[in-house]
Every structure is written in C-alpha cells, then in structure tokens.
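Peer 1: Here is what each chain is made of, one letter per residue.
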Amino acid sequence: MTDVTAAPPALGKDLLGLHDLSAAQIQHILDTAEPFKEVSERPIKKVPALRGKTIVNLFFEDSTRTRISFEFAEKRLSADTVNVASGGSSVSKGENLVDTARNLEAMRIDMVVIRHGASGAAQFLGERIRSNVVNAGDGKHEHPTQALLDMLTLRDHFGRIDGVKVAICGDILHSRVARSNIWGLTKLGAEVAVCGPASLMPSHVEELGVTILPRIEDAIEWADALNILRLQMERMQGGYIPSQREYNRVFGVTSERLSKAPKDILIMHPGPINRGVEIDSDVADGPHSVILPQVTNGIAVRMAVLYLLAGGSQVSTAAQPEDQA
Amino acid sequence: MTRILIQGGRVIDPSQQMDTTADVLLEDGKVAAVGTDLGQPEGAELIDAGGKVVAPGLIDLHVHLREPGQEDQETVATGAMAAAAGGFSAVCAMPNTDPVTDNQAAIGFVIRQSQRAQAARVYPIGAVSLGQQGERLAEFGEMVGAGAVAVSDDGHPVATSQLMRTALEYARTFGIPVADHCEDMSLADGSMHEGIVSTRMGLPGIPSAAEEVMVARDVILAELTSGHVHLCHMSTRGSVELIRRAKEKGISVTAEATPHHFALTHERCEGYDTNAKMNPPLREAEDREAIREGLKDGTIDVIASDHAPHHYDAKEQAFDDAPNGIIGLETAFGIGVRELVEGGYLSLPELIFRMSTRPAQVFNLPGGTLVGGAPADVVILDPDVRWQVDPQESFSKSRNTPFAGETLVGRADLTIVRGKVVYRREG
Chain H
705 MTDVTAAPPA LGKDLLGLHD LSAAQIQHIL DTAEPFKEVS ERPIKKVPAL
755 RGKTIVNLFF EDSTRTRISF EFAEKRLSAD TVNVASGGSS VSKGENLVDT
805 ARNLEAMRID MVVIRHGASG AAQFLGERIR SNVVNAGDGK HEHPTQALLD
855 MLTLRDHFGR IDGVKVAICG DILHSRVARS NIWGLTKLGA EVAVCGPASL
905 MPSHVEELGV TILPRIEDAI EWADALNILR LQMERMQGGY IPSQREYNRV
955 FGVTSERLSK APKDILIMHP GPINRGVEID SDVADGPHSV ILPQVTNGIA
1005 VRMAVLYLLA GGSQVSTAAQ PEDQA
Chain R
151 MTRILIQGGR VIDPSQQMDT TADVLLEDGK VAAVGTDLGQ PEGAELIDAG
201 GKVVAPGLID LHVHLREPGQ EDQETVATGA MAAAAGGFSA VCAMPNTDPV
251 TDNQAAIGFV IRQSQRAQAA RVYPIGAVSL GQQGERLAEF GEMVGAGAVA
301 VSDDGHPVAT SQLMRTALEY ARTFGIPVAD HCEDMSLADG SMHEGIVSTR
351 MGLPGIPSAA EEVMVARDVI LAELTSGHVH LCHMSTRGSV ELIRRAKEKG
401 ISVTAEATPH HFALTHERCE GYDTNAKMNP PLREAEDREA IREGLKDGTI
451 DVIASDHAPH HYDAKEQAFD DAPNGIIGLE TAFGIGVREL VEGGYLSLPE
501 LIFRMSTRPA QVFNLPGGTL VGGAPADVVI LDPDVRWQVD PQESFSKSRN
551 TPFAGETLVG RADLTIVRGK VVYRREG
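Residue numbers (my numbering), protein chains in the order written: chain H, 705 to 1029; chain R, 151 to 577.
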C-alpha cells in the first residue's frame, strides 16, 4: 500500500471491552466508523467488505435494538448472518456456554457477536474458539460497542472527546454501559463523573478515574453531556431504591432541573428509555437529545468493529458490484 | 510386633518444643521413643530421614470429601489418599454431603469408608441442624458416639442466632466445638470479594462485612454460652481483629485460615479464572497480611485447607455460574512454607504447630505429638524441595486449583498412619 508512517493499530482477535484497548485503537474504530455512516444514507445500503463471511449473533439475553443494530451492520457489510436467541431462564444462563462454543467452532463460522448475562462470557467464548468474538454486552462487565457509539455521538457534537465533561447517571452498579463508557472516555481524555444513589454505586468506583456526584443537580451543573442510564426495573427487586416514583423525584432528569443548567447539555441515553422514570419525555424528545442519532451511529460503529476484526484497515466503501450469477 | 525406625531426621515436635536430630521408633501403632541412642531394634523397618524433617502427621480440620453424594468429585478414599500425599495423617470431613451427614448412621458410614481407604484418618464432622436446614438440631450425642469430632453447617452459616446459641450450649455436653461458616447470607449475594476488582470485572461482590457480622455474632454467643466456637476459613482483617479482641476477653473461640487466603488476593480473579472462585472469596492484600499476622500471633489457631473438589467441567463456566472452592490437601504445606516460612512470618516448627499440634488441640483429636504412647501418625517432610504443582498428578479426583504451575516449597515424602506407611513419594 502507500505510506504507512502511522499504521493503524490492529484490534486483535476479539473485541471484549474497552478496558483492554488503547486510546489509539479506540480512536481508530471511531475514525473507521466515519465513512460507514454514509453507507446507511445511500439508497442501496450495502458494501461488499464482509462478503462470504459468516457471522452468528448469539443472544442469551433479550435484546432488540442491539441485535437489530448488529444485524443491520452485518448485512450492510454483505456478511451472511444467523441469529441464535436463547432467552429464557436466567438460572440456566451459563449452562451451555462450553458446548455452545464447541458447536460454533465445529461450524467454522468467522465471527460471533455474543450477548450474555454473565460477566466474562465473551472472554470465555473468545478463549475457546478461533473465530472473532464481539462482545455485545456481558453481564455487568462491558458493552463496548454501546460506549463506542456514545463516543462517536459526543465527537459528532463537540468535535472532540478530550476535555468534554460527561456525567453518567443512574444505576452504575449494574451497568456494563457505564463501565465501558468510563474506560473509553477516560482513555480519550474526557472528564467523567458518575451520579446516582449511593446504593447503586459500585465499590471503589472513584478508583476508575471518575468523580462521584451524589445529586443529579450537581451533575447538571457540572456536565457538558449527560449519559442517562436506563433504570432496570428487574434489577430493583433487590431493594436498591424504594420506588420508581421516588427515583424520578430525586434523580430524574427533568426539564425543570435542566432549565437551571448554566449551559445547554447534550442528552444521551442508551435506550430503551423509561419515560417519566430516569428521564422525562420532554427531555428525551427535546432539542438537546441525541438519543436517535446514537442509534444511527450504532450501526456505523458496529460496521467499523466488524470490518476491523475481519482484518480490514483501509476503508473502501465502494458500492456493491452486481452479483455475478 | 511391627516396628519402624525413622533414622537421622530433624525431629520437630511442637507439642514438646522439640527440634533436634534424632531417631523415631514406632511400635504397634504408637510412638515408642524419640532419641539418639535407639540402636537398631530387632525387626524394625528402617527409614532414612537424613536431611528431612520428621514431625507428627499434619491434621486438617476442614475438608470436603463429597461422599456420599458427589463421588464423581471425590470419595473418602481418594480424599484420604490426597491427604496422605499432602502429609496429613488425619482430616476432618465436613457434613455437607448428599444426604447430609446429620445422624449417627451417616457418621458411621464415613468412618467405615475411611477404614477401608487405609490412608489418612478421616474424622467426620456432623451437621448442626438436620439436613443443614437451619431449623432442628441434629443429634449431637449420637453422632459423637459414632465418631463425630465437631458439628458444623459448613457451606452455610448456622442460620439463626437462636440455633447457634442452642448448638453452642448443647455441644458443651459433649465437649465438641461448633464450627461455623461465617457469612451473613443477606449480604453475601455475590461471586467474589466486593472491591475495586469486582467493580472492574462487573461481578457482584461479597463485602468483608458479610463475614465480620457473623464473626461478631458468634463470639458474642460464645461468650453468652461459654461454648466453644470454631470459626472456619477466616478471610478478612476485620475478622482477625474481632477474634483477637474476643480472645483477649477469654472467650472460647478458635479460628482457622486457608492457604489460599494467606497466599492470594482478589486480583487473582482477573480474567474470570474460576479456579480463583471460592467462598469466602479471595480478599485484599491488607486482609492477607492480617491473616498472616494472625497466624503469627496465634489469633488464628490453625491452617485448614477447605479442600473442595469439583468435577472438571463444573469450573468450565462463566464465573458467576461456577461453584466455589478449590482442592488443597496436596498444596497446603508447600504454600505454607513458601508464604509463611520463607515470608518470615513463621518458623518451620511454628508452621508445623499450626498444621498439626494446634489442630489436634482445637478439635481434641489424637495425634499432633510424638510423645511416647501417642499414635504413630508421622510425616517425613522435605522442607526445602522446590516443586511445580501439576494438578494431573493429584490423588484427588478433581483438578481445580489456582496454584497449577506454581512453584511451592516443601512437601511430604512419606506419611505414616497408625504405624503403617500409607504414602511414600516415588522417585
């Protein structure tokens, strides 16, 4: 090829999380996503980059938007995809992971996108199969493509990530989105704060390089952008908070609270949103919300990740040639 | 008359502050004499212990032998053989079998299996409550009559304060300790230590407080009842401090710590290595240091392995789903020498005290001494050998150990139980 003074950093076999990536690698994924954004705007939304590659979307947990987003990303890269959904009981969540891995290996697939309820499940799979593994969310550990799309959205808006103040709000304890965002954002130089009830804060979270803001008003006062996490009702059985109603009263992002902010604040949410719980409808639908652009960016980021793992480096987004029948 | 003469070893017997080069004569299952002028008694099998340590056989107060119920993981025979290979002449088997060892017939079964095994002695521990359900007291008297040496609901804490109180009081009748697994279950819904590592890994944490709350309860109830509480596998600095204060007050409390808790920390879980998953979980460096100091000053009385075999594929799971526990009988002494003797916390005689003499005292067992007339339970240790842990060489049925591939220092060369050689290292 041409001059490679700064060869783009390879990603390795798997994308398990942002914790193990360098700033340069993260930057490279975001840069690679840029040209893929445009593919989705075309009338024929397809490039041949992953033609002939087989990808399995292995979802042990219910997921609609992440799975669909990956599936669109794969199809727009011309990969052949199979969806395996193994929802159901959380008790049996890890039961068949080894056997699943062995079976996938035997089918000689190229890539696996895995969503699983157990932290470490993606790594577990990655260590046991030769195919590339993309973590689409493992337990409370990481959800790297979500954080990457959040960062792409921030970069779209602010033109940079370095120095941007991002407050991640809500149930940090159970959130893989929070963890991946913390790793990615701090590596790229953002200032990161976490905000939520102390009963939903992980132990020693400040050692991850974030500031703890105990009140949502503090976060609104401080931040350039709020990344508002979904309050997962099913997690709240443990009695971490007394009620959704009180959560909205104390921690909800409302237009009234936002009106007191010293500046306009970018509103982000990984979805699906609980209207009237962690975020009020008029905020979610308001002028500073980028919740839907996040969804659009999700496809571009996932295309970039799949493309880079498959060994691509120089992005060619030339349109798909006619199939030779 | 069967005779064994162990010649020329460094004889360490903490029960009589003995550390000297001497011969040890065993006759008819008893220690006959220790001295330098024993000559060569007629018909004695001679065992050369030059350059080696001769000590009372090690005693492990806390093992899981899985029989009856999970014989794919371990049996009394394989566990007792692994124990012998680790230098143990006796182990105490926890009652969380299937069915639970909660009655005299079940106790008798374990003893019978151990007699068949002809390896290390196995002393059963009976359940505190029927089925370990935490409701009705098991029949301590009959279990002791059948050979139980303690009671425990290990795997779980003694469920309620009232049951613990009653158990401590009732156990006094038989002079046995109540061994408690200290864990407030309502605080312990996690799969590793709660701290920065669990936060990074996104795993639910078990705070140190889950153990300490129960330690506090137990020492308070031991004071109330004058019963003897034995606290299993202590893992936190807070627990060590609570026990130290209780002992200063004269409360009848004894405590044990495992090799993994004085060797490893929670960072070992990184990479989701399920062989680092145990309960109590691996804690922080400060906790490990407190455990070591506790073993040094006697706050922690004994080292116990908490040998917990699991079938190989049980650990081949996501971290949250994998069972707790590791095997430990064959690595306990080597970890003890490496961490505590080479680490400067204990002398070799002190380590042997915490692994033999003191355990015998705590559970009131025969052994732990080489005084004349004591059972001929003896181990010959090579205290200097550096060896690499290969789980495939284990006598246990299971292979789950985080020490695989590590170099340990010191191991047993030969183990004698009731005057018979039950284990001899080959090569």
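Rather than coming from a laboratory, the hints here were simulated on the basis of the structure. Using N, Cα and C, we set each Cβ at its ideal position, and we do this for glycine too. Mixed in with the good hints there might be a few duds.
[To be verified] Covered by chain R, per the in silico footprint, the following chain H stretches (three or more residues, Cβ under 8 Å): (1) 822-831; (2) 842-853; (3) 972-981.
[To be verified] Far from chain H by the CB rule (all over 10 Å, computed), these chain R residues: (4) Gln-166; (5) Asp-222; (6) Phe-259; (7) Ala-309; (8) Gly-345; (9) Thr-349; (10) Gly-355; (11) Pro-357; (12) Arg-367; (13) Glu-443; (14) Glu-492; (15) Arg-549; (16) Glu-556.
Peer 1: Look at each hint and say if it fits the structure.
Peer 2: Going down the list of hints, with the structure as the test:
no.: 1; hint: 822-831; in the structure: holds (count 6)
no.: 2; hint: 842-853; in the structure: holds (count 5)
no.: 3; hint: 972-981; in the structure: violated (count 0)
no.: 4; hint: Gln-166; in the structure: holds (48 Å)
no.: 5; hint: Asp-222; in the structure: holds (17 Å)
no.: 6; hint: Phe-259; in the structure: holds (32 Å)
no.: 7; hint: Ala-309; in the structure: holds (21 Å)
no.: 8; hint: Gly-345; in the structure: violated (6 Å)
no.: 9; hint: Thr-349; in the structure: violated (4 Å)
no.: 10; hint: Gly-355; in the structure: violated (6 Å)
no.: 11; hint: Pro-357; in the structure: violated (8 Å)
no.: 12; hint: Arg-367; in the structure: holds (22 Å)
no.: 13; hint: Glu-443; in the structure: holds (24 Å)
no.: 14; hint: Glu-492; in the structure: holds (31 Å)
no.: 15; hint: Arg-549; in the structure: holds (16 Å)
no.: 16; hint: Glu-556; in the structure: holds (20 Å)
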